[in-house]
Amino acid sequence: MDRRVVVPGDLLSDDGKRSGEGTFVKDGKVYSLLYGLANFRDRINVIPLAGKYVPTSGDNIIGIVKDVTFSNWIVDINSPYDGLLHISEYPMRIESDEMSKHLRVGTSIMTRVKDVDSTMKVELTLSDRKLGVLKTGRIVEISHTRVPRLIGKGGSMISMLKKELNCNIFVGQNGRIWINGGAEDMDLALKTILLIEKEAHTNGLTDRIVEFLKSEKGARS
Amino acid sequence: MDESNISFFDKEGRRLDGRRVDELRPLKIEVGVLARADGSCYIEMGGNKVIAAVYGPREVHPRHLQEVTRAIVRYRYNMASFSVEERKRPGPDRRSYELSKVSREALEPVILTSYFPRSVIDVFVEVLQADAGTRTAGINAASVALADAGIPMRSMITSCAAGKVGDQIVLDPMKEEDNFGQADMPIAMTPSGEITLLQMDGHLSQDQFHQAMELAIKGCRDIYNLQRKSLIDRYNQLENVEAEPVEEVKACD
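Here the protein sequences come in this chain order: A and B.
Using my numbering, the first residue of the first sequence is number 1, and each one after it goes up by one.
Using my numbering, the first residue of the second sequence is number 1001, and each one after it goes up by one.
Simulated from the structure, these hints should not be mistaken for laboratory data.
Hints are not guaranteed to be accurate.
Output of the computed footprint for chain A on chain B, the stretches with three or more beta carbons under 8 Å from beta carbons of chain A [said to hold, decoys possible]:
(1) 1051-1058
(2) 1110-1124
(3) 1150-1158
(4) 1185-1193
(5) 1229-1235
Here are the computed distance ranges between Cβ atoms for each label pair [stated by the list, open to error]:
(6) Glu98/A / Glu1108/B: 43 to 49 Å
(7) Arg1087/B / Glu184/A: 53 to 59 Å
(8) Arg104/A / Gln1129/B: 49 to 55 Å
(9) Asp128/A / Gln1199/B: 55 to 61 Å
Even for Gly, the Cβ is constructed at its ideal location relative to N, Cα and C.
Take the sequences, apply the hints, and build the full model.
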């Protein structure tokens, strides 16, 4: 696969139809919008090395309640924009004055972006069996640009981690990761995730992580 | 010192610091020097030492500055009190307000502000040591820092000055040439040649203006190559770190 580091304004292709994510077309030619890695396939995508998470509808993310208002919880979603969780999106019917009994300031929730409008009002929802309050476990924060790498092709990396680490892991699109398991397993999981974040842009990462886990486990026993 | 009896060139036509008229001062760019900032850059252009930090996109405070359809860009140019020979009174003054404004307007056209409505992109430029041409150094650093922060831009911005001393057009004037010269003309541009900043003080004839413009554009091209290289080197650096932690782990057991 053809990969190259590019900076904003680099010419990527003379064929405007190949413009993918992180690129723009000017006079029928494709240029890079970002500083990052350009992937040349049918379409050219530029993967950024840094940047803030911008929510899109359908994203599964991890949020932390930062305020409670009359009918909404205001949720920090590791983004320039706050998430709004309306009282009606809570799985059961509750009264306005009882909101902080169910979700207090500081509560971590696994949530989904229901809708984002053009002014970046972010509406969240909790009404799905998979979503809910996170009562146990730990949360790690990495750059959201590393999330695809942590998941791997078709989930290869994450399913390997879950199996090897004996932990329940949920990766939020916003770069927050929830880990739940034994204390020692979580320690190792944390270490591994931070390693993946650091080396996200290298080839053959999954294999190296398997090696890393093997030697770490060997050291433990 | 009297302006009339200074000679800016030696017999071979070299300048006070030994440069030719169309030569830049030594240039050094370092990317990602600040851990807290989303993007950062340190630049040395001759005697200028400038650091740029980019934060954002992030929430706008105070709220009333917010724009519903796009991100706003804030640029703060600041000189350290120790950056010049005589202590500079700290804090914003008329000059730094002006430089902040023109520098912001030099960068804004390439930033895709519409991607981040209701947010702000903060750019902080601190001049640690000044030696003429700090605004150009600041813009160069800010542009690299913006790229480092992962902010979408149509292109990079490069900035460079040309001036006139002893009736001769020179590239990238240094302090002596700026103080006692006849004209100073900083520009900023995209690599494709669009000018986003053009200032001038002093006097230039039309021919001299064109000559100075051409020289500054040439200077910008050289600086752009280094800006680009420093970003790409930064990535390769990150990639090379990879072997170390694995080794460390092996050393433990």
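Cβ contact check, 8 Å cutoff: the stretch 1229-1235 of chain B against chain A, three residues minimum: With 3 residues closer than 8 Å to chain A, the stretch 1229-1235 of chain B meets the three-residue bar; holds.
Chain A over the stretch 1051-1058 of chain B, status - at least 3 residues with CB closer than 8 Å: holds (count 3)
Per-stretch coverage check for the stretch 1110-1124 of chain B, three Cβ contacts closer than 8 Å to chain A: Answer holds; 7 residues pass the 8 Å Cβ test.
Range hint 55 to 61 Å (beta carbons of Asp128/A and Gln1199/B) holds or violated: Roughly 57 Å apart at Cβ, these two residues keep to the hinted range, so it holds.
8 Å C-beta criterion, at least three residues: is the stretch 1150-1158 of chain B covered by chain A: holds (count 7)
Status of the given 43 to 49 Å range, CB of Glu1108/B versus CB of Glu98/A: holds (47 Å)
Distance restraint evaluation - Arg1087/B, Glu184/A, Cβ atoms, bounds 53 to 59 Å: About 57 Å separates the Cβ atoms of Arg1087/B and Glu184/A, which means 53 to 59 Å holds.
Supplied distance hint 49 to 55 Å, evaluated on CB atoms of Arg104/A and Gln1129/B: This hint holds: roughly 51 Å between Cβ atoms.
Coverage criterion applied to the stretch 1185-1193 of chain B (partner chain A; beta-carbon cut 8 Å; 3 residues): holds (count 3)
Of the numbered hints listed earlier, not one is contradicted by the structure.
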